[in-house]
Amino acid sequence: MILRRWSDELPHDLEHFGFALHHEQGKHIGVLYHLDNGVPRFCHLGWNWSLRIDKPTQSYFWGKSGLDRYTKRFLAAQFDLIGRANPDTIPYGIDAYGKCFDSDGNYIPLPVGKGMTCASFIVSVFRSLGIPLIDETTWPKGRESDKEWGHWVLQMLRRDPAVPITHIDALKSDIDEASRFRPCEIAAALLSEDPPVPFEDAERLANEILAEMA
Amino acid sequence: LLDIDLGSVERGDQHVYYLNSGPTTGTRSAFHALGGSYISIENLAPVPAVVVERRTDLSWLTTLYSSTENVRISSAQLQDVIININALLRDKKFDDLAFLLASLKFDRVAPEVLIAFARVTYQVRTRIGHWSKFLSNVELSLNSRGIDGKKLLRGLRTPGKA
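Listed in order, the protein sequences are those of chains A and B.
So the first sequence is residues 1 to 214, counted in this note's numbering.
So the second sequence is residues 215 to 376, counted in this note's numbering.
None of these hints come from the bench; they were simulated from the model.
Cβ coordinates follow ideal geometry from the N, Cα and C atoms, glycine included.
One or more hints might be untrue.
Claimed, not checked - Here are the simulated lysine-lysine pairs, DSS-like style, with alpha carbons at most 27 Å apart:
| no. | chain 1 | residue 1 | chain 2 | residue 2 |
| --- | --- | --- | --- | --- |
| 1 | B | 306 | B | 319 |
| 2 | A | 172 | A | 27 |
| 3 | B | 319 | B | 347 |
| 4 | B | 307 | B | 347 |
| 5 | B | 307 | A | 64 |
| 6 | B | 306 | A | 64 |
Said to hold, decoys possible - Which bits of chain B does chain A cover? Going by a derived footprint, with three or more residues having C-beta under 8 Å, they are:
| no. | stretch |
| --- | --- |
| 7 | 285 to 299 |
| 8 | 327 to 334 |
| 9 | 355 to 368 |
What the hints assert, rightly or not - Simulated restraints on C-beta separations:
| no. | chain 1 | residue 1 | chain 2 | residue 2 | range |
| --- | --- | --- | --- | --- | --- |
| 10 | B | 365 | A | 161 | 45 to 55 Å |
| 11 | B | 286 | A | 176 | 49 to 59 Å |
| 12 | B | 358 | A | 162 | 48 to 58 Å |
| 13 | A | 152 | B | 286 | 25 to 35 Å |
| 14 | B | 338 | A | 140 | 25 to 35 Å |
| 15 | A | 11 | B | 364 | 47 to 57 Å |
| 16 | B | 304 | A | 166 | 21 to 31 Å |
| 17 | B | 297 | A | 158 | 50 to 60 Å |
| 18 | B | 279 | A | 142 | 25 to 35 Å |
| 19 | B | 286 | A | 177 | 12 to 22 Å |
| 20 | A | 170 | B | 301 | 26 to 36 Å |
| 21 | B | 338 | A | 58 | 35 to 45 Å |
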C-alpha cells in the first residue's frame, strides 16, 4: 500500500509531517502533522475563507512526507502557525497566481478572482519556504475533467452568499487557462524524497494511489 | 563565524553586542560589513561590536543554546523561533536579522532551528546582509553533525531549483 487508511491512533511512523487524502477519488487533501503532544492535526483549506485545523477522520488515507525528519518537524510547526494565523483570509480559486504568503506566513491578498485550492495551498506554502514541491512549468492547462471541475467550483461559489460576485466573475477565465494541481498529484509529490516532482511522475503515482483507494 | 562568543552591555537606550574573545580577522570584517564598530569594554582593547536598539530583544536566542552536543528542541520552542523571526521581519529589522544570523552559535542549536532561520528568511534573503554566507555556515554545521546539509537546504540556493 502506498497510503494507509486513517485510524484514530497516531501512527508511530508519521514522523511529525505528512498528508491526508480523501478516500473518494482523492477529492481533498491537507497536511497531517503532530507537535510534541502527539495529537494528530489536519490543516486544510476547506473552502472559501476557511483554512482549518481539524482532527483527521477515517474518510482519509494518509502518507508520510518523503522529506528529512528535521524539515518535517519544521513544517509541522510552520503549518500549525499558518493554520492558526489565517483561518478566514484565503479565498477559494482556481489560480493562486504566484506568491501567496509573505515571510511571516501571512496570506498576501491576491487580485480579485484569484485564490487557492486545497492542493495549491500546500504548494504555495512550500514555495514560500523555498521548497519547490512540484515543477509547476510541467503542469498541463485546461484538461477536460479539470474544466468540468472548474465549472462545478463556479457553481458552488455562486451558491455561497458570502462570496463577492466580482470574485466569481473574475475567476471564470481561469477555468480554461490555469493549471490545476489535483489533490492526488500533490499527494504523490509529497511522498517524494527529491522534489520538485515533474507532472509526468506525479500523474503516474497519483493514478496508482487512486487505484489503491478505489 | 561558526562559534563566536558574544557579550552584551547596556549603553543608554541601546544594547551593544560585542565579540568576547578571539575574533579572527574574517569575523572582524564580517562585523564591520554588518555595520558594526569597535568599542572598549572595561578598558580593554577595542573589540568589534554591533549596536542594537533597546526595543529589539534578542535574548530569546540564548534560550536555544545547548551546553551539550545532544542539541534538542521542543515544538513549542521551534514555534517561538519562527514567531520571533517573523516579528523582526514584520518590523523590517533586516540589519538586526543579519547580525543575528552572523552571530548564531551554529553548533549549539538544533538542526530544526537552523532550518527555520534559513527557510523563514528565504523570501527576504536579498535584504539580509551576508545571507549566502549564513547559508554556507548552516550547511557546514549540518555536515559536521553527519547530516546532509545540501539535501536539507534544497531549493534555497537557486530559486526554483532543488
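Here is what the structure says about each hint:
Our distance criterion of 27 Å between C-alpha atoms is met by residue 306 (chain B) and residue 319 (chain B), whose separation comes to about 23 Å. Straight-line distance between C-alpha atoms of residue 172 (chain A) and residue 27 (chain A) comes to about 21 Å, which keeps the hinted pair within the 27 Å bound. Of the supplied pair hints, the one linking residue 319 (chain B) and residue 347 (chain B) holds, its CA atoms being roughly 14 Å apart against a limit of 27 Å. Taking the CA atoms of residue 307 (chain B) and residue 347 (chain B), the gap is near 19 Å; set against the 27 Å cutoff, the hint holds.
Distance hint between residue 307 (chain B) and residue 64 (chain A) is unfulfilled; the C-alpha atoms sit about 36 Å from each other, more than 27 Å. Our distance criterion of 27 Å between C-alpha atoms is broken by residue 306 (chain B) and residue 64 (chain A), whose separation comes to about 36 Å. For the stretch 285 to 299 of chain B, the proposed coverage by chain A is satisfied: 7 residues have a C-beta within less than 8 Å of a C-beta in that chain, meeting the threshold of three. For the stretch 327 to 334 of chain B, the proposed coverage by chain A is satisfied: 5 residues have a C-beta within less than 8 Å of a C-beta in that chain, meeting the threshold of three.
Residue count for the stretch 355 to 368 of chain B with a Cβ under 8 Å from a Cβ of chain A: 5. That meets the three needed, and the coverage hint holds. Distance hint for residue 365 (chain B) and residue 161 (chain A): a CB-CB separation of about 48 Å, consistent with the stated range 45 to 55 Å. Checked against the hint of 49 to 59 Å, the C-beta distance between residue 286 (chain B) and residue 176 (chain A) comes to roughly 51 Å, which is consistent with it. Here the CB-CB span from residue 358 (chain B) to residue 162 (chain A) is close to 53 Å, well matched to the stated 48 to 58 Å.
Separated by about 48 Å at the C-beta atoms, residue 152 (chain A) and residue 286 (chain B) break the suggested range of 25 to 35 Å. Distance hint for residue 338 (chain B) and residue 140 (chain A): a CB-CB separation of about 33 Å, consistent with the stated range 25 to 35 Å. The beta-carbon spacing between residue 11 (chain A) and residue 364 (chain B), approximately 29 Å, falls outside the hinted interval of 47 to 57 Å. Distance hint for residue 304 (chain B) and residue 166 (chain A): a CB-CB separation of about 30 Å, consistent with the stated range 21 to 31 Å.
For residue 297 (chain B) paired with residue 158 (chain A), a C-beta distance near 39 Å fails the hint of 50 to 60 Å. Between residue 279 (chain B) and residue 142 (chain A) the Cβ separation comes to about 53 Å, which falls outside the hinted range of 25 to 35 Å. The supplied range of 12 to 22 Å is broken by residue 286 (chain B) and residue 177 (chain A), whose beta-carbon atoms lie about 48 Å from each other. For the hinted restraint 26 to 36 Å between residue 170 (chain A) and residue 301 (chain B), the CB-CB distance of approximately 34 Å keeps it satisfied.
Between residue 338 (chain B) and residue 58 (chain A) the C-beta distance comes to about 42 Å, which sits within the given range of 35 to 45 Å.
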